[in-house]
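Asks: The residues making up each chain are set out below.
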Amino acid sequence: MAVLKKTPTMVSIPNHFCPGCGHGILNRLIAEVIEEKGYEKKTIMTLGVGCSCNMNASWNGDKIQCAHGRGAATATGVKIARPDLLSIAYQGDGDAYVIGLAETLNAAYRNEPITVFVINNNNFAMTGGQMSWTTMPGQVTTTSVHGRDPALTGMPIRVPEFAATFPDVAYVARGSVHSAKEINRLRGYVKNAIEAQLNGEGYALVEVLCQCPTNWGMSVEKSIKWMEEEVAPYYTLGELKGRRK
Amino acid sequence: MATLRISTERCKSCGYCILACPSKALRLSGQLNKEGYDYVANDESKCTKCGICYTVCPDNVFEILE
Ligand SMILES: Cc1ncc(C[n+]2csc(CCOP(=O)(O)OP(=O)(O)O)c2C)c(N)n1
Ligand code: SF4
Ligand code: SF4
Ligand code: SF4
Ligand SMILES: [Mg+2]
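Protein chains in written order, with our numbering: chain Z, 1 to 245; chain L, 1001 to 1066.
In short, the hints are calculated from the structure, not lab data. Since the model is a prediction, treat every value here as computed from it, not as a measurement. All C-beta atoms, glycine included, are put in the ideal place defined by N, C-alpha and C. Please note that the accuracy of each hint is not assured.
[Stated by the list, open to error] Stretch-level coverage of chain L by chain Z, calculated; a stretch enters the list once three of its residues show a Cβ under 8 Å from a Cβ in chain Z:
1) 1013-1027
2) 1043-1055
[Claimed, not checked] Short derived list, chain L residues pointing at chain Z, Cβ under 7 Å:
3) Arg1010
4) Pro1058
5) Asp1059
6) Asn1060
7) Glu1063
8) Ile1064
[Said to hold, decoys possible] Below are the DSS-like pairs computed for lysine-lysine, each with C-alpha atoms no more than 25 Å apart in a straight line:
9) Lys5(Z) with Lys1046(L)
10) Lys5(Z) with Lys1024(L)
11) Lys1049(L) with Lys6(Z)
12) Lys225(Z) with Lys1034(L)
13) Lys1049(L) with Lys5(Z)
14) Lys191(Z) with Lys181(Z)
15) Lys1034(L) with Lys181(Z)
Modelling step: build the complete structure from the supplied sequences, incorporating the hints.
Replies: This is how it looks when you write it as structure tokens:
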């Protein structure tokens, strides 16, 4: 049975991500849900610093390029100034969980009525693939050339698990783009995270495991296999906090 | 009959759709687009218009139209 599919207008401009990059898939899912809700002209995206900066050229909607790590803080400001708009932060792991950890956690802690998407590709991709707090044990990066040693630098950070413990937050989930099945599941998480804001339920966070073939030095085939076998077992997929209604 | 539209100029030759297509209907065409990427082509006789290529493609190459 054929399923009709059309490219959403918010991703109609060709993107500048590398071949096979997971960012492009998440961009499309967010665009689909915004279009479904009729919010194309009523959404402001606050972009983190990282490969998300590419979206300044390709995201076909209103957006603000934030200072590094301050996506959630800027989205908080957007929502205070214009509560009628959908306020979405789009950030990388380095942006949201390293330099911006305080801003990310404080927005969640205060239960700001915003939606935050964090692209976890286990490295600082835009700057050439340095180790992030999300880098996997043994993972080779330009600043962990013999593989990340957890005895020296700790284990990868799991921010959504912590955010989900704050009593009031509306929705927290982690998805992945390593297969069509997971992408379809992730679409549901994206939809819940946006609906939670539109219904005034509170803060929503979705972390998304994304391949970065360029800095991982892997083909797409190897990347998605590594995600399935190594990354997803540590970064458990699913809803960490479901919506109340 | 639905048709699979392939915007070849957007393809970056990453191969994700080829890995994901359950009908093995996709392959690299051996032709280069304006950006210099060997773009994807499909075998109409194998394609069921299931939409999985649309789901995985990071570059919005595929659409399924009426
Ligand atoms: C204040 C400041 N410090 C450091 C940098 C360098 N810098 C740019 S992007 C980035 C990290 C990006 O990593 P991430 O947020 O994971 O995004 P990705 O590119 O991986 O998607 C860093 C450290 C900067 N631009 N500004
Ligand atoms: S460097 Fe990695 S995250 Fe950045 S666009 Fe390329 S593949 Fe994507
Ligand atoms: S629509 Fe389905 S069968 Fe046809 S090329 Fe795409 S993934 Fe393959
Ligand atoms: S997934 Fe998209 S960009 Fe990658 S090879 Fe297939 S059509 Fe081209
Ligand atoms: Mg990153």
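Asks: Indicate, hint by hint, whether the structure satisfies it.
Replies: To see whether the hints hold, each was checked on the structure:
no.: 1; hint: 1013-1027; in the structure: holds (count 6)
no.: 2; hint: 1043-1055; in the structure: holds (count 7)
no.: 3; hint: Arg1010; in the structure: 5 Å, holds
no.: 4; hint: Pro1058; in the structure: 3 Å, holds
no.: 5; hint: Asp1059; in the structure: 6 Å, holds
no.: 6; hint: Asn1060; in the structure: 4 Å, holds
no.: 7; hint: Glu1063; in the structure: 5 Å, holds
no.: 8; hint: Ile1064; in the structure: 4 Å, holds
no.: 9; hint: Lys5(Z) with Lys1046(L); in the structure: 19 Å, holds
no.: 10; hint: Lys5(Z) with Lys1024(L); in the structure: 19 Å, holds
no.: 11; hint: Lys1049(L) with Lys6(Z); in the structure: 13 Å, holds
no.: 12; hint: Lys225(Z) with Lys1034(L); in the structure: 31 Å, violated
no.: 13; hint: Lys1049(L) with Lys5(Z); in the structure: 10 Å, holds
no.: 14; hint: Lys191(Z) with Lys181(Z); in the structure: 16 Å, holds
no.: 15; hint: Lys1034(L) with Lys181(Z); in the structure: 32 Å, violated
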